[in-house]
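Q: Listed below, chain by chain, are the residues.
There are 2 protein chains.
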Amino acid sequence: MTQIAIVGAGVMGSATAWPLRDNGHDVRLVGTHLDRDIILSCKEQHFHPRLKRRLPEGMRPYFVEEIAQALEGVEIIVSGVNSLGVHWIAKTLGPHLRPGQIIISVTKGLEATETGELKIFPDVLRDELPADRRDQVTQAAIGGPCIAGELAGQRQSCVVFGSPNGAVLERLAATFRTSYYHVWKTTDLRSLEICAAFKNAYTLGVGLAAGWLEKSGGVDPAEAYMHNLAAAIFGQGCTEMARWLEIAGGTQSFAYGLPGAGDYYVTAQGGRTLRLGRLLGLGKSYAEARQILAGETLEAAEVILQVAKALPALTAQGVVTPQEFPLLRLLIEVIEQGFKGDFRLDEFFPGMNIMR
Amino acid sequence: MTQIAIVGAGVMGSATAWPLRDNGHDVRLVGTHLDRDIILSCKEQHFHPRLKRRLPEGMRPYFVEEIAQALEGVEIIVSGVNSLGVHWIAKTLGPHLRPGQIIISVTKGLEATETGELKIFPDVLRDELPADRRDQVTQAAIGGPCIAGELAGQRQSCVVFGSPNGAVLERLAATFRTSYYHVWKTTDLRSLEICAAFKNAYTLGVGLAAGWLEKSGGVDPAEAYMHNLAAAIFGQGCTEMARWLEIAGGTQSFAYGLPGAGDYYVTAQGGRTLRLGRLLGLGKSYAEARQILAGETLEAAEVILQVAKALPALTAQGVVTPQEFPLLRLLIEVIEQGFKGDFRLDEFFPGMNIMR
Chain H
1 MTQIAIVGAG VMGSATAWPL RDNGHDVRLV GTHLDRDIIL SCKEQHFHPR LKRRLPEGMR
61 PYFVEEIAQA LEGVEIIVSG VNSLGVHWIA KTLGPHLRPG QIIISVTKGL EATETGELKI
121 FPDVLRDELP ADRRDQVTQA AIGGPCIAGE LAGQRQSCVV FGSPNGAVLE RLAATFRTSY
181 YHVWKTTDLR SLEICAAFKN AYTLGVGLAA GWLEKSGGVD PAEAYMHNLA AAIFGQGCTE
241 MARWLEIAGG TQSFAYGLPG AGDYYVTAQG GRTLRLGRLL GLGKSYAEAR QILAGETLEA
301 AEVILQVAKA LPALTAQGVV TPQEFPLLRL LIEVIEQGFK GDFRLDEFFP GMNIMR
Chain C
1 MTQIAIVGAG VMGSATAWPL RDNGHDVRLV GTHLDRDIIL SCKEQHFHPR LKRRLPEGMR
61 PYFVEEIAQA LEGVEIIVSG VNSLGVHWIA KTLGPHLRPG QIIISVTKGL EATETGELKI
121 FPDVLRDELP ADRRDQVTQA AIGGPCIAGE LAGQRQSCVV FGSPNGAVLE RLAATFRTSY
181 YHVWKTTDLR SLEICAAFKN AYTLGVGLAA GWLEKSGGVD PAEAYMHNLA AAIFGQGCTE
241 MARWLEIAGG TQSFAYGLPG AGDYYVTAQG GRTLRLGRLL GLGKSYAEAR QILAGETLEA
301 AEVILQVAKA LPALTAQGVV TPQEFPLLRL LIEVIEQGFK GDFRLDEFFP GMNIMR
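Residue numbers (my numbering), protein chains in the order written: chain H, 1 to 356; chain C, 1 to 356.
Calculated from the structure, these hints are not laboratory results. All values derive from a computational prediction rather than experimental measurement. One thing to keep in mind: the hints can contain errors.
Below, a list of computed lysine to aspartate or glutamate pairs in the EDC-like style, where the Cα atoms sit at most 16 Å apart [claimed, not checked]: (1) H:Lys185 with C:Glu347; (2) H:Lys52 with H:Asp37; (3) H:Lys52 with C:Glu223; (4) H:Lys185 with H:Glu223; (5) C:Lys185 with H:Glu347; (6) C:Lys185 with H:Glu128; (7) C:Lys91 with C:Glu65; (8) C:Lys43 with C:Glu66; (9) H:Lys309 with H:Glu333; (10) C:Lys309 with C:Glu336; (11) H:Lys52 with C:Glu65; (12) C:Lys52 with H:Glu223; (13) H:Lys91 with H:Asp127; (14) H:Lys284 with H:Glu336; (15) H:Lys43 with H:Glu65; (16) C:Lys91 with C:Asp26; (17) H:Lys309 with H:Glu336; (18) C:Lys91 with C:Glu128; (19) C:Lys284 with C:Glu333; (20) C:Lys52 with H:Asp220; (21) H:Lys91 with H:Asp37; (22) H:Lys185 with C:Glu57; (23) C:Lys309 with C:Glu117; (24) C:Lys43 with C:Glu57.
Just a few of them, taken from the derived set where beta-carbon distance is under 7 Å, the chain H residues facing chain C [to be verified]: (25) Ala68; (26) Thr92; (27) Pro99; (28) Cys146.
Far from chain C by the CB rule (all over 10 Å, computed), these chain H residues [as the list claims (entries may be wrong)]: (29) Lys43; (30) His46; (31) Lys52; (32) Asp123; (33) Glu128; (34) Ile147; (35) Arg155; (36) Val160; (37) Arg171; (38) Gln236; (39) Arg272; (40) Ser285.
Cβ coordinates follow ideal geometry from the N, Cα and C atoms, glycine included.
Next up, chain H with everything else stripped away, as it sits in the complex (with noise of 0.2 Å):
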């Protein structure tokens, strides 16, 4: 039995609970200042309101004030904050860290400098820990196509563990795996990173044709929808992705696996950033959209805003062409002016017409 501590109680990190408890595992969720209402409702009635699911028996649901306690003697954090949440937890967790901690993390994201950097988040995490704990603690993310009312729902789910320490993956995979929720695993830490944030970010070029096909009218007589779009959107997502992992010198075949395609495929199914990518496709601009969308973390827009402020010095350093990543540059341009009705298809795919 490990002693372990979730750190966010929103549904992803929470759902993590579900196969821990499983296998037996002590297991305590501490929520956020932002997760006030989940923890008094796994307080007092055992119940988890944004998974709607009764919790596992036997977890300790903590507020964020009861942290100290909550962190004690745990091996295993698991970081369960969003995006906007990743320098919080560094700065929150920093003074209770003890040296041989692992903190695994479920955010999905990354951030960029105006010289190029593009920072993944258990990198950006690392930063914000006290100087004497950074390199006493072992980093870990999971990625791979997950929703988490599925995991908590005991379905089969298949992750990808990264770490850039071997003997810490291993033994994460063994206290997570149980038989539905498939573990695997890789060192590259980075290339995971990078899919899981960009996965994020195209499908927003998923939901701007929902919402393009409605503002055309909808499904026309004849029952035509525009999956042909969307899956040219989905291939160029595909394709840009594959080639920021060559830029990462990372992993190019996570690509068409588990992190990439199949991660973008669940995510491209439903949910938040879907509905984003729709409004803005129906015409709405992103201000007019996030106040539809109130309450609701952008992480797909943050992504590309945070993007938009590297390619401009990668494209300068000649890292990246002007010709790539035309997804990319048409999804900033919508973030920042709104969507104009052409997906300029024609950019797509630059280095397809190989004649050989």
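Got chain H; can you put chain C on it based on the hints?
A: What follows is chain C alone, placed relative to chain H:
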């Protein structure tokens, strides 16, 4: 203006008439012996009953008995038959072919032998042509995500034309391309055809998950589907496509581009392959499912049964390991023996656990 005959009046072949007519070409539509009702409707009402649309103005429909007249003077022949019609169309076209003609095919599938050969349809077709005409015509094919009803509805569609002959490719692209029909080109016809065939096969796996969800009681009270499972299958399917491309010495990047992930995505949005997969996932035998879907061409099952012939030899020859293609091996078993309820997910992604 180019003289073009579409042979086979199924939805996909017929749909190419829209961009062709929009470009002002002379387009004739020749039904096979199975398309008699379609051609009758086209002749009498200028209406395609399966596409549920009026034909573009100026198109000329022909019964199969009128094929000689229909092919008179044509420069391009669109082969619109399904995978069961490849031998038929070769034998039917053979006597009428003239040097310099181009045959461009929408047929998806492949034929395999027990010695491990996987033969793409353009090669099957070629081998059936009279020996003296084989090398006097150029073959090409269309891949990428394109639902016929959407193309006929002039919805944005992105496709890939493949042909070993670059000049022919340029000509075809110029002939077909419109503001809504976006054409990429590849001389790697083999890789294009491999993707086209296998994405059908692997879509059966996604359908299997849908049937399994129903059989397991459907969406649960907390609204959990089985999208995670479907996404794992989708990722495994893309991964296996990439491996087939590697074995063929082909363009592996197709796996995450339009011909692979893009076409797989659109095929998994609905249609007969998904319906067949659902029935199998519900526990029906392939024989039962075929009866229920009587009248539909089950191309995915055809591909799976073809590859089933070649896989033992490929494994014995050491071209593939017994651990490779777990999804395809499962699908073969499902077609041959029915689905037993185990997706064997732990066999997926055998090359994923890379520790660097």
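Q: Now tell me if each hint is right for this structure.
A: Okay, the hints, checked on the actual structure:
The hinted pair formed by Lys185 of chain H and Glu347 of chain C meets the criterion: a straight-line CA distance of about 14 Å does not exceed 16 Å. Distance restraint check for Lys52 of chain H and Asp37 of chain H: the Cα-Cα separation of roughly 13 Å lies within the 16 Å cut-off, and the hinted pair is therefore satisfied. Annotation: proposed proximity of Lys52 of chain H to Glu223 of chain C holds, straight-line Cα distance about 9 Å (limit 16 Å). For a cut-off of 16 Å, the pair hint linking Lys185 of chain H to Glu223 of chain H is broken: about 43 Å separates their Cα positions.
The straight-line distance between the Cα atoms of Lys185 of chain C and Glu347 of chain H is roughly 14 Å, inside the 16 Å bound, and the hint therefore holds. Taking the CA atoms of Lys185 of chain C and Glu128 of chain H, the gap is about 49 Å. The hint is violated against a cut of 16 Å. In summary, the hint linking Lys91 of chain C to Glu65 of chain C is supported, as the alpha carbons are separated by about 14 Å, within the 16 Å threshold. For a cut-off of 16 Å, the pair hint linking Lys43 of chain C to Glu66 of chain C stands: about 13 Å separates their Cα positions.
For the proposed pair Lys309 of chain H and Glu333 of chain H, the alpha carbon gap of about 12 Å is at most 16 Å, so the pair holds. At most 16 Å may separate the alpha-carbon atoms for a hinted pair to count; Lys309 of chain C and Glu336 of chain C meet this at roughly 12 Å. Among the hinted pairs, Lys52 of chain H with Glu65 of chain C is inconsistent with the structure: their alpha-carbon atoms are about 63 Å apart, more than 16 Å. Only pairs whose Cα atoms come within 16 Å are accepted, and Lys52 of chain C paired with Glu223 of chain H is accepted, the gap being roughly 9 Å.
Note on Lys91 of chain H and Asp127 of chain H: the hinted pairing holds, with a Cα-Cα distance of about 10 Å set against a maximum of 16 Å. Proposed proximity of Lys284 of chain H and Glu336 of chain H is supported: the alpha carbons are some 12 Å apart, at most 16 Å. Only pairs whose Cα atoms come within 16 Å are accepted, and Lys43 of chain H paired with Glu65 of chain H is accepted, the gap being roughly 14 Å. The hinted pair formed by Lys91 of chain C and Asp26 of chain C fails the criterion: a straight-line CA distance of about 24 Å is larger than 16 Å.
For the given pair, Lys309 of chain H sits about 12 Å from Glu336 of chain H by alpha-carbon distance, which is consistent with the 16 Å threshold. The suggested pairing of Lys91 of chain C with Glu128 of chain C holds, with an alpha-carbon distance near 6 Å, which does not exceed 16 Å. Simply put, Lys284 of chain C and Glu333 of chain C have alpha-carbon atoms about 13 Å apart, close enough for the 16 Å limit, and the pair holds. A threshold of 16 Å between alpha carbons decides the hint, and for Lys52 of chain C with Asp220 of chain H the separation of about 11 Å falls inside it, so the pair holds.
Only pairs whose Cα atoms come within 16 Å are accepted, and Lys91 of chain H paired with Asp37 of chain H is rejected, the gap being roughly 23 Å. For the hint pairing Lys185 of chain H with Glu57 of chain C, the CA-to-CA distance comes to about 58 Å; that exceeds 16 Å, so the pair is violated. For the suggested pair Lys309 of chain C and Glu117 of chain C, the alpha carbons sit about 9 Å apart, so the restraint of at most 16 Å is met. A C-alpha spacing of about 12 Å is found between Lys43 of chain C and Glu57 of chain C, which places the hinted pair at or below 16 Å, so the restraint holds.
Of the supplied interface hints, the one on Ala68 of chain H is violated, with its beta-carbon coming no nearer than about 32 Å to a beta-carbon of chain C, more than 7 Å. Look at Thr92 of chain H: its Cβ only gets to about 29 Å from chain C, farther than 7 Å, so that hint breaks. Given hint, Pro99 of chain H at the interface with chain C, is violated; its Cβ is 23 Å from that chain's nearest Cβ, farther than 7 Å. Annotation: interface hint on Cys146 of chain H holds; nearest CB of chain C at approximately 6 Å, less than 7 Å.
The beta carbon of Lys43 of chain H sits about 20 Å from the closest Cβ of chain C, which is more than 10 Å, so the claim that it is off the interface holds. With 10 Å as the threshold on Cβ separation, the claim that His46 of chain H sits away from chain C holds: the shortest Cβ distance comes to roughly 15 Å. The Cβ of Lys52 of chain H sits about 4 Å from the closest Cβ of chain C, inside the 10 Å cut-off, so the non-interface label is violated. Every CB of chain C is more than 10 Å from the CB of Asp123 of chain H (nearest about 18 Å), matching its label as outside the interface.
With 10 Å as the threshold on Cβ separation, the claim that Glu128 of chain H sits away from chain C holds: the shortest Cβ distance comes to roughly 26 Å. A Cβ of chain C approaches the Cβ of Ile147 of chain H within 10 Å, the least distance being about 6 Å, so the stated non-interface status is violated. The claim that Arg155 of chain H is not at the interface with chain C is violated, since a C-beta of that chain comes within 10 Å of its own (minimum 6 Å). Consistency note on Val160 of chain H: stated as away from chain C, yet its beta-carbon is not over 10 Å from all of that chain's, at 7 Å minimum.
Every beta carbon of chain C lies more than 10 Å from that of Arg171 of chain H, the smallest distance being close to 14 Å; the non-interface claim holds. Some Cβ of chain C comes within 10 Å of the Cβ of Gln236 of chain H; the nearest lies about 8 Å off, and the non-interface call is violated. Every C-beta of chain C lies more than 10 Å from that of Arg272 of chain H, the closest at about 15 Å, which supports listing it as non-interface. With a minimum CB-CB distance of about 23 Å to chain C, Ser285 of chain H clears the 10 Å threshold, and the non-interface call stands.
When held up to the earlier numbered hints, the structure conflicts with 4, 6, 11, 16, 21, 22, 25, 26, 27, 31, 34, 35, 36, 38 and fits the remainder.
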